[in-house]
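Student: Below, each chain spelled out in residue letters.
Number of protein chains: 2
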Amino acid sequence: MSNDPRLFIDAPLGNGQAVPLSREDSHYLINVMRRDEGDPVRLFNGRDGEWQATVAKAHKKNAVLACETQNRPQAAVPDLWLMFAPVKRQKNELIVEKATELGVADIRPVITTRTQSERMRLDRFEIIAKEAAEQTERLDLPVIHEAVKLDQMLEDWDENRVIIYCDEAGDDGARPWGGDTGRASQALGPLTEMRGKPAALLIGPEGGFTPEERDRLRSLDFVHAVSLGPRILRAETAVISALTLWQSVCGDWG
Amino acid sequence: MSNDPRLFIDAPLGNGQAVPLSREDSHYLINVMRRDEGDPVRLFNGRDGEWQATVAKAHKKNAVLACETQNRPQAAVPDLWLMFAPVKRQKNELIVEKATELGVADIRPVITTRTQSERMRLDRFEIIAKEAAEQTERLDLPVIHEAVKLDQMLEDWDENRVIIYCDEAGDDGARPWGGDTGRASQALGPLTEMRGKPAALLIGPEGGFTPEERDRLRSLDFVHAVSLGPRILRAETAVISALTLWQSVCGDWG
Numbered sequence: 002m003s004n005d006p007r008l009f010i011d012a013p014l015g016n017g018q019a020v021p022l023s024r025e026d027s028h029y030l031i032n033v034m035r036r037d038e039g040d041p042v043r044l045f046n047g048r049d050g051e052w053q054a055t056v057a058k059a060h061k062k063n064a065v066l067a068c069e070t071q072n073r074p075q076a077a078v079p080d081l082w083l084m085f086a087p088v089k090r091q092k093n094e095l096i097v098e099k100a101t102e103l104g105v106a107d108i109r110p111v112i113t114t115r116t117q118s119e120r121m122r123l124d125r126f127e128i129i130a131k132e133a134a135e136q137t138e139r140l141d142l143p144v145i146h147e148a149v150k151l152d153q154m155l156e157d158w159d160e161n162r163v164i165i166y167c168d169e170a171g172d173d174g175a176r177p178w179g180g181d182t183g184r185a186s187q188a189l190g191p192l193t194e195m196r197g198k199p200a201a202l203l204i205g206p207e208g209g210f211t212p213e214e215r216d217r218l219r220s221l222d223f224v225h226a227v228s229l230g231p232r233i234l235r236a237e238t239a240v241i242s243a244l245t246l247w248q249s250v251c252g253d254w255g
Numbered sequence: 002m003s004n005d006p007r008l009f010i011d012a013p014l015g016n017g018q019a020v021p022l023s024r025e026d027s028h029y030l031i032n033v034m035r036r037d038e039g040d041p042v043r044l045f046n047g048r049d050g051e052w053q054a055t056v057a058k059a060h061k062k063n064a065v066l067a068c069e070t071q072n073r074p075q076a077a078v079p080d081l082w083l084m085f086a087p088v089k090r091q092k093n094e095l096i097v098e099k100a101t102e103l104g105v106a107d108i109r110p111v112i113t114t115r116t117q118s119e120r121m122r123l124d125r126f127e128i129i130a131k132e133a134a135e136q137t138e139r140l141d142l143p144v145i146h147e148a149v150k151l152d153q154m155l156e157d158w159d160e161n162r163v164i165i166y167c168d169e170a171g172d173d174g175a176r177p178w179g180g181d182t183g184r185a186s187q188a189l190g191p192l193t194e195m196r197g198k199p200a201a202l203l204i205g206p207e208g209g210f211t212p213e214e215r216d217r218l219r220s221l222d223f224v225h226a227v228s229l230g231p232r233i234l235r236a237e238t239a240v241i242s243a244l245t246l247w248q249s250v251c252g253d254w255g
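Sequence order for the protein chains is A and B. Take 2 as the starting number for the first sequence in the working numbering and just add one per residue. Take 2 as the starting number for the second sequence in the working numbering and just add one per residue.
In case anyone wonders, no lab produced these hints; they're calculated from the structure. Treat each hint with caution, since some may be false.
Which copy is meant is left open, because identical chains are indistinguishable; a pair holds if it fits in one copy or across any two.
As the list claims (entries may be wrong) - Here are the simulated SDA-like cross-link-like pairs (lysine to any residue), alpha carbons at most 20 Å apart as the crow flies:
#1 Lys58 x Asp124
#2 Lys92 x Glu132
#3 Lys92 x Arg235
#4 Lys89 x Ala76
#5 Lys89 x Gln136
Please model the complete structure; the sequences and the hints are all you need to start from.
Tutor: Printed below as a string of structure tokens:
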């Protein structure tokens, strides 16, 4: 695996193409990474695969790269969305970073009754997703959406996409030691039946879904519950665990 | 599930037992959580299960609780160790927190050739593990060990415990698009053969294991490689993903 710096660029990539960098990318490459003219860099734009390039102009504010050969053709991540109820800022950002690493195509914040924070800076999410994609070797960025209300989202839902929901902070006593009132009993089994289907993982807020929300989710044919074990996971852990399980059973970890 | 505050206490718990709190726990319970005399609290000590208690003396520095009834008998997490090459402080702490949430029994930092940071504050790790255990409803704390060198660890190894290693940052080109030179091809398959065996997950440093380390690991019968997919995960993500997979295949998520 190459250790050359890797940048996402929103510009065409191709043989001989000159690629001017933004001020931020120029600063990163020339000042932080200390690259000079002739040094190798890798580029991707979400459309044209990954390209090998070299620094043509090592300017600290307006560097220019020269695109040379394609390393890999474009490839998509699996058709998986992440829908999560926003938590605190730092944790939201961790969720966006990890979802990008774990190969999510679409990130959709969802406002539930108990969601504590609705203020999100989508521009920060975009920067975090770009950096995570650069580091994780994926060839595209996840699409990041504005937050929507859970009810609205369910009303507009295309039923061809299954929703897999994890209700970590459920207050219905549905823990192994508290009786079982409908909580999914295991993680892997239910997922094997969802292979080959577009999917969306839904992670509830720290306070859990309300009983009404849970009833509504359970009443819908395209919604399936998955268990994340007997301990209670924080929201960001639940996101990473659920994405891991989906990728290994239904995604591209096979 | 109860929303009563939950504290780990290193003291005997039993019917009618008075439990004096440390200064830190007193501050947390009385000042931060604003509990008063008579308010319910849950306690665990890693030996006597979880107990329901009430605040007997709401002192801000020296609170005392009265233990009443046992909520749950003592139960252990699965016999799983986490061995990880330390990374940056914040990420090490995230690793300890998540390993605790995900039900690891033992946490062992391992120094490899490319480990960048060997300075760790085990006292900080202890505090983080305590808080995570309190929140995650487990009944014990993970045991946190001093760092050991990878070579020494392998020499002293009890071969009854399998080592499952994830080499995310491998530099041997062992990625789907870079040819395969021995990298595990999938995650779940190899794990199913390790059910019922004590296990230790080994996560390499950000720079990956060296070729020599990798050769040594591969030469040992009790060491098995597991893939965490085609994208490259940061160390802390690899920890969470690997723990998730082990818990769902071999642990108590079934």
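Student: Now look at each hint and say whether the structure bears it out.
Tutor: Hints, one by one, checked against the model:
Within a single copy, Lys58 and Asp124 get their C-alpha atoms no closer than 28 Å, and across copies no closer than 49 Å, so neither meets the 20 Å cut-off. For a Cα distance limit of 20 Å, the shortest separation of Lys92 from Glu132 qualifies both inside one copy, at 16 Å, and across copies, at 17 Å. With identical chains, the CA atoms of Lys92 and Arg235 are at most 20 Å apart both within one copy (10 Å) and between copies (16 Å). For the identical chains of this complex, Lys89 and Ala76 are neighbours neither inside a copy (33 Å) nor across copies (32 Å), given an alpha-carbon limit of 20 Å.
For the homomeric pair Lys89 and Gln136, the shortest alpha-carbon distance between copies (16 Å) is at most 20 Å, but the shortest distance inside one copy (24 Å) is not.
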